[in-house]
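Novice: One letter stands for each residue in the lines below.
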Amino acid sequence: MKMKKRIYIDNIETTVNDERNLLEVIRAAGIDIPTFCYHSEISIYGACRLCMVEVDGKGLVPSCSTIPEDGMRVRTNTAEIRKMRKMIVELTLASHDMSCPTCAKSADCKLQDLARRMGVDEVRFKKRAPKKPIDRASESLVRDPNKCVLCGDCVRVCDEVQGIGAIDFAFRGSESTVTPCFGKNLDKVECVYCGQCVRVCPTGAILPKSHISEVWEAINDPELTVVAQLAPAVRVAIGESFGLEPGTNSTGQIVAALRKMGFDKVYDTSFAADLTIMEETNEFLGRIENGNKMPMFTSCCPGWVKFAEQYYPEYLDNISTCASPQQMFGSLCKKTYQRSGASSAEKLRVVSIMPCTAKKFEAARPEFTKEYGRDVDYVLTTRELALMIEESGLRFPSLAPDSFDMPFGFKTGGGVIFGSSGGVTEAVLRYAVEKVTGETNFGYVFESVRGNKGIKSAIVDLSGNKLRFGIVMGLGNARKLMESIKSGEEHYDFVEVMACPGGCVGGGGQPVPENMETTVRRSRGLYENDRMLQLHKSQENPYVSELYDKLLVSPNSHMAHELLHTSYKPRQRTEGDDVSILSGQADDRTEITFCFGTGCFVKGAQELLKETVDFIREADIADSFDIKATFCHENCSRGPVVDYDGEMIEKCTFDKIVSRMSAVRAGKE
Amino acid sequence: MNKVKLEGIRDGYNKRFDCIDKRIIICAGTGCVANGAMGIYDEFIRQLDEAGINVIVELDKEEEGTLVSKSGCQGFCQMGPLVTIIPGKTMYTKVRVSDVSEIIETSILKDGTVERLIYRNIETGEGCPSVDDIPFYKKQSRTVLKNCGLMDPSDIDEYIARGGYFAAEKAVASMSSEEICKVVKESGLRGRGGGGFPTGTKWELAMKENSADKYIICNGDEGDPGAFMDRSIMEGNPHSVIEGMLIAARAVGANAGYVYVRMEYPLAVARMKAAVRKAEEYGIIGEGAFEDRIDFKITVMEGAGAFVCGEETALIASIEGKRGMPSPKPPYPSTSGLFGKPTVINNVETLATIPIVLGNGAGEFMNTGTERSRGTKTFALTGHVRNTGLIEVPFGTTLREIIVDIAGGVVDNDGNPCGVDFKAVQIGGPSGGCLTKEHLDLPLDYESLKSVGAMVGSGGLVVMNQQTCMVGIARFFMKFTQNESCGKCIVCREGTKQMLALLDDITEGRADETTIPLLSELAGVVKVGSLCGLGKSAPNPVLSSLEFFKDEYIEHVVNKRCPTGSCKALARYMIIEEKCKGCGLCARKCPVDAITGEKGMAYRIDADKCIKCGACIEACRLSAVAMG
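Chains as they are written, first to last, in our numbering: chain R, 1 to 669; chain V, 1 to 628.
Treat the hints as calculated values from the structure; they're not laboratory data.
Just so you know, not all the hints are guaranteed correct.
Restraint-style ranges between C-beta atoms, simulated for each label pair [stated by the list, open to error]:
| hint | chain 1 | residue 1 | chain 2 | residue 2 | range |
| --- | --- | --- | --- | --- | --- |
| 1 | V | F339 | R | E489 | 22 to 32 Å |
| 2 | V | R561 | R | E41 | 48 to 58 Å |
| 3 | V | G127 | R | A170 | 50 to 60 Å |
Restricting the straight-line Cα-Cα distance to at most 20 Å, the calculated cross-link-like pairs of lysine to aspartate or glutamate (DMTMM-like) are [to be verified]:
| hint | chain 1 | residue 1 | chain 2 | residue 2 |
| --- | --- | --- | --- | --- |
| 4 | R | K466 | R | E490 |
| 5 | V | K322 | R | E160 |
| 6 | V | K139 | V | E123 |
| 7 | V | K479 | R | E490 |
| 8 | V | K322 | R | E490 |
| 9 | R | K126 | V | E447 |
| 10 | R | K127 | V | E508 |
| 11 | R | K58 | V | D512 |
Just so you know, even glycine gets a beta-carbon here, dropped at the ideal spot from N, CA and C.
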């Protein structure tokens, strides 16, 4: 047996287990060394310098990047170290806008906490940085660079865990700033709004875009009916904001709080999740039967959906057409309220409470905006709800539990485990096995699809048909899986993708967890909730059956499609305004837009544009044209692509443009 | 390529060289080029041609005539453009295009000397017809720089004729990795880039790593203000760098190398690239080099001009196409460097020293320098001295020898000699510290400099006279480092910014009794807390000037006065009563009516109104207005 290393931390002998660095050993020994930039799941960065400790023979070293050596003597609390930590916090505060009382992060801001812990009682340095603009442009997230401590956690989680890299550092030295490319706002870049950056940000520099005041306003409006839907992952996490252990099921308290706050009805998104299972499983089995494109990807995660639209548009037909439970709920709720006369869809407000920041973006997608407005009007994250509860003065842990309203408050365990990675797959299996085999008497637990691995796979035998299920959490892992599918290295029939590590329980709208262990405990809470419920299989939900009887007829019916399904669009093109090359003065103008994406550019788009403009100028007809350059019509294989007044000319040549011009002129004459 | 072929090339070149009659070497270092060296070069060719002399630009065949070549930096930049005539090594200084005809007349067509163009010893007034007579050169030990300035950097044959690539041939053909590392280790060679880490040990660490891919990086990202040693080597003797890299590759088992040069050195980039191409052509590097004994490919890469990219981990990130930011060590590059593979990063000068170490043996190399700092070191000599330029001296040389013997003594702000009445020397650039009069006889080496809070650094040497404000100098360097901080670690990014702000307060009259203690407390934290060498050494100029010139700081803070009058914001204008005759001219010139008085009586300046424009000083014919 290999002897374990032993080190001395502040003269106390400590065994090194499987910790990867000195910082982890010290923390395991019960000393909470402060850090800004250390997260166990992302790479070591070594920038905050707060974890410096004194090692005999080496002097001050950053413990995060020091490997423990046998016999090492470490001191964590010398006068020099204390002085330095205090100075680092002081320096950080000097470049921070210190608008703490009005910051939404105030309660769990690491910087504030450290300032208190280190006893920083004054900032002797002067503020010198001018205020930078705040990015509120996206539906989901607000970036305030004035609060950024440049620890780079968001940059690394976006790149390393999510494989996106929507933000990075720009400029140097004290001018350094974290920003999307070219200083754009988040709505114009590849951000999928998963909010993992929010999860790791130690300060209030990236926060979910708050809907709190809009929700209060709706509640206080006597004209409106306001209903809430509660996502599964919220119930096992919100307690953390009130000192409860992660994984504690607080459903009853949340319902009670929502009622006291003035919501007219409180429902459970898990009901819609049960409905999703009915639709999605039938779609899946139908695809197998009809020999459609496989694998089928799940569609309940809006971060994943946008990710796929951006990077894998060729697979959009493979994504289940089911709208997410949040959107199914919204659409269904508005429809049934209108039908029953309980409220007009215009006067009904659906507020969803989600562990997720991308849900705010999803709710705002045009596909989910109908003639009466949005299906889901507002999305509150778990943390926003916690703030509203605090604002209301409710003592959360001691609230008497209350139950959901019916019918949309009834769910099975299948709809609850949606909040954990593997949950959707398991709920699908609980239905698919029964539907295919006709068997009803089987255990509802599918252990092989559970667990905290980034990529899981399971083979399930459905009446002799061996189906491969893939389960992914984290978009970086999703990319790996997609590439392996693309290359033909892997084959799957069904793939569940959750953008966040752990699934929705690790969402960007959740209370900031200490570490990944927190997420695991939340998952455990959901499976426990499943175990405690009477029903576990979505198909057993009596209210779902009733809904099919009364309204939807059957899964994937025409009505179901109208209410519960959606479509996707490729998002490869760079967002941004077109560049105007020439704009005419005549009233009746023809608009010609040249694609300047890389593909078209290398195929000669620039020369084509020049030739066209020269021709128009020479012919003295410039007043009748608006000529623009744009980025990517997403038809790269058939470039150069030119949009001639709404008509796409593929493999365009100068001759094609000229003949189009003469055809139009001939038509006019 | 093999030894016999090398000898063949050498002998061939020597034969061709023996045919020529004279050689004119025009210094084409950046300094001389800026002063018009290229025009002089063209003029020589034109006039020689006109005079019916066979002008040889490329020595590629045996023929009689005059060889005209461009060399790398010859070091004596102060006196450029420099033209040297071989034989005789006659050096002409401050040559202009109009001098060309006279030089041809006297030194090419005849064997005479144009007296008015040779360097004159300032003390004795004696002319120095040969390079070797000039005190500036006489007191140096040009070893690494020996061939810089004497040869045509674009002619690989000349490099070989001067013994080049024989050391590499020996390493490749007949030495094991262990043997090479052993020689380098024994020689005591230490990194010339600043840190002073033993080169042989560095190589050995990488050699012991088990990896199919290993890299050698030549760090040519020289960024210290005023330093140009590496540039001169790359421009003047690029093949010595390639040879050093090749030997390093042999020692550690590397198959690829990068020369990382800052973009601001276009000539160095061009010369390095050309030299790499030539070496490939000759089968010295690249595929199948030295008769398939080694496969080592070199790529020349341009940096984007960030000072921090001279730090090895930041440089590696930059080559990998990432933002140039340092990473925590460990892992060290020798274990996990470029693309995660074992990597050796050496400075240009270190690599250029390698062929000398291997060629002459460790024993001979150890003969120069001090016990723990072997060999010679190049310095870029600038500031208030008579002779600025590029020098090379053995470790252990004293500051006095450099300033008095080589640099020709200190000068005042107007360039007049003032002996050794100097105030301080900033050594090691923005990362180094200052040395004062008390250090004049300190033998310079890695340890002695460290012990007084300075460092060898990459070798910048800025001499300052008594009229220099040390707070201002500290501020100058702090502004540099805070500009060049990459922004990664809090301590350096925010610390340098706040140190600069505190220095601004001191030099602009806003400081109080808390400023200096806060500055030194902060400097202490930045020194130990920063992630990389840039941050760790950034406070050095402040700390060392605080140590040696604290009174000057206190004078700024307490009396709001800059003793040298350099800090403009603190300057106060006043009229010296005894000198003022009351003509009123200054009052009429003052744009803000700050000067009042009665005709015939001494005038007065209202300090609150004065905007320190200096118009009164210029106006006064009696020098009655002074700054204090």
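Novice: Does each hint hold? Answer for all of them.
Specialist: To see whether the hints hold, each was checked on the structure:
1. V:F339 with R:E489: 22 to 32 Å: 24 Å, holds
2. V:R561 with R:E41: 48 to 58 Å: 57 Å, holds
3. V:G127 with R:A170: 50 to 60 Å: Once the Cβ atoms are compared, 58 Å apart, the range 50 to 60 Å for R:A170 and V:G127 holds.
4. R:K466 with R:E490: 15 Å, holds
5. V:K322 with R:E160: 14 Å, holds
6. V:K139 with V:E123: Cα-Cα ~15 Å, so holds.
7. V:K479 with R:E490: The given pair, whose Cα atoms are some 56 Å apart, is violated under the 20 Å limit.
8. V:K322 with R:E490: Violated, because 31 Å separates the two Cα atoms, which is more than 20 Å.
9. R:K126 with V:E447: 38 Å, violated
10. R:K127 with V:E508: 17 Å, holds
11. R:K58 with V:D512: 37 Å, violated
Violated hints, listed in ascending order, are 7, 8, 9 and 11; each of the other numbered hints is respected by the structure.
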